[in-house]
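For the protein sequence lines, the chains are E and V, in the order given. FYI, the numbering used here numbers position 82 of the first sequence as 82, with every residue one higher than the one before it. FYI, the numbering used here numbers position 43 of the second sequence as 43, with every residue one higher than the one before it.
If you're looking for bench data, these hints aren't it; they were derived computationally from the structure. Fair warning: there could be bad hints in the mix.
What the hints assert, rightly or not - Cβ-Cβ distance ranges computed for the label pairs, FRET-style:
no.: 1; chain 1: V; residue 1: L35; chain 2: E; residue 2: I149; range: 26 to 36 Å
no.: 2; chain 1: E; residue 1: N99; chain 2: V; residue 2: M87; range: 34 to 44 Å
no.: 3; chain 1: V; residue 1: L106; chain 2: E; residue 2: H22; range: 53 to 63 Å
no.: 4; chain 1: E; residue 1: N12; chain 2: V; residue 2: L91; range: 41 to 51 Å
no.: 5; chain 1: E; residue 1: L112; chain 2: V; residue 2: D73; range: 26 to 36 Å
no.: 6; chain 1: E; residue 1: H22; chain 2: V; residue 2: T55; range: 46 to 56 Å
no.: 7; chain 1: E; residue 1: G132; chain 2: V; residue 2: S84; range: 35 to 45 Å
no.: 8; chain 1: V; residue 1: I86; chain 2: E; residue 2: E20; range: 28 to 38 Å
no.: 9; chain 1: E; residue 1: G23; chain 2: V; residue 2: A53; range: 48 to 58 Å
no.: 10; chain 1: E; residue 1: I108; chain 2: V; residue 2: A42; range: 34 to 44 Å
no.: 11; chain 1: E; residue 1: K100; chain 2: V; residue 2: A27; range: 23 to 33 Å
no.: 12; chain 1: V; residue 1: M87; chain 2: E; residue 2: T29; range: 10 to 20 Å
no.: 13; chain 1: V; residue 1: T55; chain 2: E; residue 2: E20; range: 49 to 59 Å
no.: 14; chain 1: E; residue 1: L112; chain 2: V; residue 2: G20; range: 18 to 28 Å
Ideal Cβ positions, reconstructed from N, Cα and C, are used throughout, including at glycine.
These are the residues of each chain, in order.
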Amino acid sequence: MSSHDNAPVDPNTVELWDYEDHGHDFIGTRTLGFWLYMMSDAMIFAALFAAHGVYVRNFAGSFTSQEVVHPMNAIWPTVFILSSVMTYGLGMVALKKGNKSGVVNALILSFLLGVGFLLMEWREFSELAAMGAIPQMSGFLSDFWTIVIAHAAHVLFGLIWMAVMIVQVAVNGFDQNNVYRLLNLKIFWHFQAVIWVSIFTFVYLFGAI
Amino acid sequence: MSHANSNPIDHPEVQLASPGAYLVAYAAALGAMFLELWLVVAHVLSPISLTTAITVIALLVITVQMYLLFKLDLSKTQIWFTVSFIMTAPLIFMSIGLTIWMFITLMQRTMLPGM
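The task is simple: from the sequences and hints, build the whole structure.
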């Protein structure tokens, strides 16, 4: 570039870009790409919360939200998912220190807390099915099942990913691929805490008011 | 920007990890969820005030999480994460807000009075 020269720029010869490959940020491009995926995933939840806002009192003569939603029970999955996210964060602190066993142990603990979260959801929805509060009963119930199970599906796939990462870190350590995957899973997993705060507030607590 | 040959653990996004930030985000989110639960169960506010209060608390918690869990700031490492979030957030609020507004006004225009 000759921007600091006083000579006038010849448009026929000026070079506006580099033709050589300077080596890019292997990890940074992948985490930013995955973050943009999370932003579009957030739009899926936006659509589900929009539907929730429309169907929130649409009981169709069936179960009301007060009969279906129990915030005193839903606080326990809240504790589990937030604890799992915090534990994963401590795993990222161990990664920063290059502590392999620290990362594996944190991921195992985070995994177990996530499994606990899913088991509680399983029990809640089994009870709803047993009392007949199934999705086809009303707009509200369709919406309630869809929004909570969409989040649970995210947690399930996060747990599968976490199990894979525990093995990959144990076998291959902190190579470039594992580090960007751990960072991406951190984005994915921490995002589930944000979504759950919204579900607990706008679905469970609003439903009980 | 790191180079392909450097130690991946030295990458700035790995080095952002902070136990203090994660613990504060955890305590804030958990404390806020118990506070919201207490507000709802104890019936200390009218339904409108209650709805407003827990909405504000949830939005505050999400803001704290965005800053402490994802470190969304204007640093060289993070600025594009922050920009993409700031450009997505209005889409989220518009899609939720406009959909609800559309259906509430539709209901008011189409439902018979008293039904």
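Handout entry: Hints not upheld, ascending by number
Key = Hints that this structure does not satisfy do not exist here, as all of them hold.
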